[in-house]
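Chemist: Could you put the whole structure together from the sequences, leaning on the hints where they help?
Heads up: the sequence lines are chains A and B, in that order.
Residue numbers for the first sequence, in our numbering: 4 to 155.
Residue numbers for the second sequence, in our numbering: 19 to 270.
By construction, these hints were calculated from the structure, which means they are not laboratory data.
Note that the coordinates shown come from a computational prediction; the quantities given were computed from them, not determined experimentally.
Positions of the beta carbon are idealized from the N, C-alpha and C atoms, including for glycine.
Some clues are possibly wrong.
[To be verified] One side of the interface only, derived from the structure: several residues of chain B facing chain A at Cβ under 7 Å:
hint : residue
1    : Leu64
2    : Ile67
3    : Gly68
4    : Ala83
5    : Glu143
6    : Val224
[Stated by the list, open to error] Capping the alpha-carbon separation at 20 Å, the derived lysine-lysine pairs in PhoX-like fashion look like this:
hint : chain 1 : residue 1 : chain 2 : residue 2
7    : B       : Lys150    : A       : Lys137
8    : A       : Lys153    : A       : Lys99
9    : A       : Lys71     : A       : Lys99
10   : B       : Lys150    : A       : Lys153
11   : A       : Lys137    : A       : Lys153
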Amino acid sequence: MAAVSREQVYEWLADVPDPEIPVLSILDLGIVRDVSVNGGVTVSLTPTYSGCPATEVIESSVLAALEKKGIESIAIKRVLSPPWTTDWISDAGREKLREYGIAPPARASRAIACPQCESLHTERISEFGSTACKAAWRCRDCLEPFEYFKCL
Amino acid sequence: MSRDEAVIAYVLRLADNALILAQRMIELVTAKPELEEELANANFALDFIGQARMLYSYAAELEGAGRSEDDFAFMRDGNEFRNLLLIEQPNGHFGDSIVRQYLFEAFYVHQLDALTRCKDQRIAEIAARAIKEVRYHLRHISHWLIRLGDGTDESHQRVQASLDELWRFTGEMFVSDEVDVAIRDNLAGPDLEAIAALWKRDVEDVIAEATLQLPEDQWMARGGKQGQHSEHFGFLIAEMQFLQRSYAGASW
Ligand SMILES: [Zn+2]
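Modeler: The following block contains the structure:
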């Protein structure tokens, strides 16, 4: 097998989706901590939170994606420190979330904008939502309910 | 007790607290009074399961005897668990479970904070991950305690009764034994006396805001950290372990 570059591996990982929010890749989500290539490929991943049920699904998707590209020796390393925060979601990831109808985590103390009409006239319906990382909100202008990716 | 044995014992205590509290919370799934609370409870329980898994996996590595995280959770007998008595108390009514959760998490947050500076790197990393979750839980749970205490006459009375009933299980959190001392002295672990003072300060503030009365000093139950559990524990363990004990190795 020809040697593979780190850049190449990152490119492949850009096609591995987050199972809970498939519009985001694991790179957009900011959970790929490192990739090293020496003989085999080692991918270091960090869990978003301790009990995230997606962690194992993500690890097996990474294995499957790299196996499909012909990589034979693959190791997945779980890295806990420093702990993941929503600040690590990339700008591209934040844009994808918005287009998908999920308000990205607030930066600083800015108001939460409606992902449909961009109004800041919004209110929280429930602090807890369909997954542990999301809350339920509503726009008071266009009246659409939407999900908000909580700031962690 | 060797240094390694003390670390394994300590990690298992942390793991047992997380697992047993999660099990109590799981008993409440589909039984919460409203949907938002239902989701909060399930999400918080999941955080504890995740923490328990990281801790059991680490204990298994340290022990090096081929046991897995599942073996620790499902194949140990009740007297091998080292969780606090407070955590295993039955769910009771909504106020009882809020008080139990608050009194424990108000302690756990300071325990984890101290552990982020522990010289055992893995423990410090797990603590740094977990404390973010626990801070979030505490904000939510303390709001409930305040809302119930400062709510109607009925809710005030009932949550005061919960506090009076569970108070005797709080003393155990701050009693050091040889494991706590070993972690404190060898690995710069938590000083339980210092944590007791921080806990008391926080709890007094929230109880005052909730217009509740701090229970009087009283006799304190202990034994959980030594594996002597209350009569409720056997039922919890039996339900939690039934499947793996009856169908060993069963998986989804
Ligand atoms: Zn709108």
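Chemist: Hints first: check each against the structure and report whether it holds.
Modeler: Now for the hints, and whether the structure bears them out:
| no. | hint | verdict |
| --- | --- | --- |
| 1 | Leu64 | 4 Å, holds |
| 2 | Ile67 | 5 Å, holds |
| 3 | Gly68 | 3 Å, holds |
| 4 | Ala83 | 22 Å, violated |
| 5 | Glu143 | 4 Å, holds |
| 6 | Val224 | 19 Å, violated |
| 7 | Lys150/B - Lys137/A | 16 Å, holds |
| 8 | Lys153/A - Lys99/A | 16 Å, holds |
| 9 | Lys71/A - Lys99/A | 26 Å, violated |
| 10 | Lys150/B - Lys153/A | 13 Å, holds |
| 11 | Lys137/A - Lys153/A | 5 Å, holds |
Consistency with the previously given hints fails for numbers 4, 6 and 9, ordered from lowest to highest.
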